[in-house]
Amino acid sequence: MAILEVKNLETTFKQRKSKIHAVNGVSFSLRKGEMLAVVGESGCGKSVSMLSIVNLLPPAATIENGQIFFDGQDIRKMNKRDMQHIRGNKISMIFQEPMTSLNPLMKISAQVSEALIYHKKLSKSQALERSTELLELVGFSNIRELFNEYPHQLSGGMQQRVMIAMALTCDPQVLICDEATTALDVTIQAQIVELIKNLHAKLDSSIIFITHDLGLIAGMVDRVIVMYSGFFVEEALVDDLYDDPRHPYTIGLLKSIPKIRGKEVTRLASIEGSPPDLLEKPQFCPFAPRCRYSVERCWRENPVLTIVPGKDNNPTHKAACWVDTRNGVEK
Amino acid sequence: MKKEQNEVIVSIKDLKKHFPVKLGAFSERSGIVHAIDGISIDIYRGETLGLVGESGCGKSTTGFVIVQLYRATSGHVFFNRIDLTKLSERELRPMRKKIQIIFQDPYSTLNPRMTIGESIGEPIRAHKLMNNKEIKQRVSELLKDVGLKPSLANRYPHEFSGGQRQRICIARALIIDPEFVVCDEPVSALDVSVQAQIINLMQDLQEKYNLTYLFIAHNLAVVRHISDRIAVMYLGKIVEIAEKNELFDRPLHPYTKALLSAVPEADPKMERQRHRIILEGDVPDAISPPSGCRFHTRCPIAKEKCSQEIPDLEEKRPGHYVACHYAG
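So the sequences go chain by chain: W and B.
Letter 329 of the first sequence, counting from 1, is numbered 329 in the working numbering, and no numbers are missing.
Letter 264 of the second sequence, counting from 1, is numbered 264 in the working numbering, and no numbers are missing.
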């Protein structure tokens, strides 16, 4: 059953006289207990689409269109109060920069217990007790000392673990990790990824992992959505996506990553050009200018996500492309 | 390996760089950051030496000391057998033509008020090598080399994307025919699909202009792709240095092993089976680094000796140097 369902979401930003089309009508659903990844390059709309869900968009942004159902309720129709009851409680988020997400003037104890007091109406001592459990869960041992520290006294990895503990305070049904490990070093990243995997096995939450790193999510998630220029261009179960990518952009991305093991290539395959600006909502395929497979139709019509050919109508694997990339022939 | 008759172009001998800092809310205490604490490396002409490590390990500082943007606290940097640390600023100027640097962030390293043609030509002007007409000619050539149209020379940096700006920075570094280029995380700020373009470009230019690179990065996959040899740094020390396939196939230092095992790979089946070495804790403070081997606080195989004696960088296999008492 879907815990979160997004239909035709469209978000824009005002910029002087023009409009930036950050998210252009995306739809997806998240099952209970599922771990979903949304990948794409900077500016592809992956963060904006998730911020639209929890209504944390900056003032310049507007949701133009779309419905967002959480547990059957349309949260776009909710008032501010009801939304506050969901945000940080039933849907919580972990952001990229732990240093800027933590309040520098609050001790860790107050920081972690705040949501428990606000959402769960616990007393201060109950909240501190629960906070201790949560901080132990994310791998801290000397909690007494930690409670009296301020964020700047912790390292980046420790701050991010505090953020995770805070996100888990109210047993959220959906946890959104927005580039949660990008600012960390590899060995610390490995610690955090291991922690998120273990927590997912232990707790009953659904997780959405937003990242630009196709390697990071490979061993972690169930399903992957690839975004480009505000559109979903491919959607598949994780093994299908890596073994049999179908959208030219996904194919190019996977080929352009240098490998750490196995046979080496003397020259990396690269995608020429750079992502388009988002000032106009494209009337044709946004990837066409950089695409090796493009045909005349790509410049006329923007393809929608459809089930890829040759998969016996496997509804889990979809791509938005006019061409069958296995043979380079128009569908 | 692309070593040409094993000629050493840059040689670092027991290099140290310490930064004095003020600590505490009222700067009442002082300390010393041991950014680089005694490293020695030889870099051969024509090769690419990768320098990897986590943030704060001193890899960028090493690059900066080699190009003499920082002066060393002690030790020597030989370039073509001349000790740069002994030269005055004036004596250094002719040397600077031969050594260039490319930085991480192409947004902050280009002057927004100069056209890119002016920026690229500036090194020639600074060294008074050509007249204006020749400079213009040379700028066009370099723009073509880095894959941009010469007609773009009159545009300003804000009109370019991140990848294009990094191309411009590369053109600026190469315009005075350097022999040696320090590349400080040149692709880290770029998107994945653009990274590959820049890496390919750098390899092409290395061949065309016979360049030697010191490639500083934290992304091990990128370093593996571009380097001939790789040095791994941890907290101001080199812990392992070897030819790249040797290092990736047979890492000896426990830190290198952990680092390699921590890098995620775009292959779901392999990722699910993989056993990761998860290091406990964080990198210690460089103000008061641990005694003995600096890695012993996080090392899975540390014994008593490790906290007392500093291990030397020893050749354990041909061309493969490791600083660990119990490596293997």
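Honestly, the hints are just simulated from the structure, not real lab data.
One should not assume that every hint holds.
Calculated lysine-lysine pairs in the DSS-like style (CA-CA distance at most 25 Å, straight line) [stated by the list, open to error]: (1) W:Lys263 - B:Lys244; (2) B:Lys257 - W:Lys197; (3) B:Lys269 - W:Lys311; (4) W:Lys32 - B:Lys269; (5) B:Lys269 - W:Lys263; (6) B:Lys269 - W:Lys259; (7) W:Lys259 - B:Lys244; (8) B:Lys257 - W:Lys259; (9) W:Lys77 - W:Lys32; (10) W:Lys263 - B:Lys257; (11) B:Lys144 - B:Lys128; (12) W:Lys255 - B:Lys244; (13) W:Lys255 - B:Lys269; (14) W:Lys202 - B:Lys257; (15) W:Lys197 - B:Lys269.
Listed next, with one range per pair, are the computed distances between beta-carbon atoms [to be verified]: (16) B:Gly31 - W:Glu149: 16 to 26 Å; (17) W:Gln67 - B:Ile32: 52 to 62 Å; (18) B:Asn6 - W:Asp244: 25 to 35 Å; (19) B:Leu87 - W:Lys197: 50 to 60 Å; (20) W:Ala110 - B:Leu87: 54 to 64 Å; (21) W:Pro289 - B:Glu315: 49 to 59 Å; (22) B:Asn245 - W:Asp243: 35 to 45 Å.
Beta carbons: idealized from backbone N, C-alpha and C, even for Gly.
Hint check:
At most 25 Å may separate the alpha-carbon atoms for a hinted pair to count; W:Lys263 and B:Lys244 meet this at roughly 13 Å. A C-alpha spacing of about 22 Å is found between B:Lys257 and W:Lys197, which places the hinted pair at or below 25 Å, so the restraint holds. Our distance criterion of 25 Å between C-alpha atoms is met by B:Lys269 and W:Lys311, whose separation comes to about 20 Å. Taken as a hint, the W:Lys32 and B:Lys269 pair is honoured in the structure, with Cα atoms around 23 Å apart against an allowance of 25 Å.
Taken as a hint, the B:Lys269 and W:Lys263 pair is honoured in the structure, with Cα atoms around 17 Å apart against an allowance of 25 Å. Note on B:Lys269 and W:Lys259: the hinted pairing holds, with a Cα-Cα distance of about 15 Å set against a maximum of 25 Å. This hinted pair checks out: W:Lys259 and B:Lys244 have alpha carbons roughly 13 Å apart, not beyond 25 Å. Restraint check: the Cα-Cα separation between B:Lys257 and W:Lys259 comes to about 16 Å, which is no more than 25 Å; the hinted pair holds.
Of the pairs offered as hints, the one joining W:Lys77 and W:Lys32 holds, with about 23 Å between alpha carbons and a cut-off of 25 Å not exceeded. For the suggested pair W:Lys263 and B:Lys257, the alpha carbons sit about 19 Å apart, so the restraint of at most 25 Å is met. Under the criterion of a C-alpha separation no larger than 25 Å, the hint pairing B:Lys144 with B:Lys128 is consistent with the structure, at around 23 Å. Straight-line distance between C-alpha atoms of W:Lys255 and B:Lys244 comes to about 21 Å, which keeps the hinted pair within the 25 Å bound.
Pair hint W:Lys255 plus B:Lys269 holds up; C-alpha atoms about 17 Å apart against a cutoff of 25 Å. Between W:Lys202 and B:Lys257 the alpha-carbon distance is near 29 Å, which puts this suggested pair outside the 25 Å criterion. Restraint check for W:Lys197 and B:Lys269: the C-alpha separation of about 16 Å stays at or below 25 Å, so the hint holds. Between B:Gly31 and W:Glu149 the beta carbons are some 20 Å apart, a value that agrees with the proposed interval 16 to 26 Å.
Between W:Gln67 and B:Ile32 the C-beta distance comes to about 59 Å, which sits within the given range of 52 to 62 Å. One distance hint, 25 to 35 Å for the beta-carbon pair B:Asn6 and W:Asp244, is violated here, with the actual separation near 46 Å. For the hinted restraint 50 to 60 Å between B:Leu87 and W:Lys197, the CB-CB distance of approximately 53 Å keeps it satisfied. At roughly 55 Å, the beta-carbon separation of W:Ala110 and B:Leu87 lies within the given 54 to 64 Å, and the hint holds.
Between W:Pro289 and B:Glu315 the C-beta distance comes to about 52 Å, which sits within the given range of 49 to 59 Å. Between B:Asn245 and W:Asp243 the beta carbon distance is about 27 Å. The supplied range of 35 to 45 Å is therefore violated.
Comparing the model with each earlier hint shows violations of hints 14, 18, 22; every other hint is respected.
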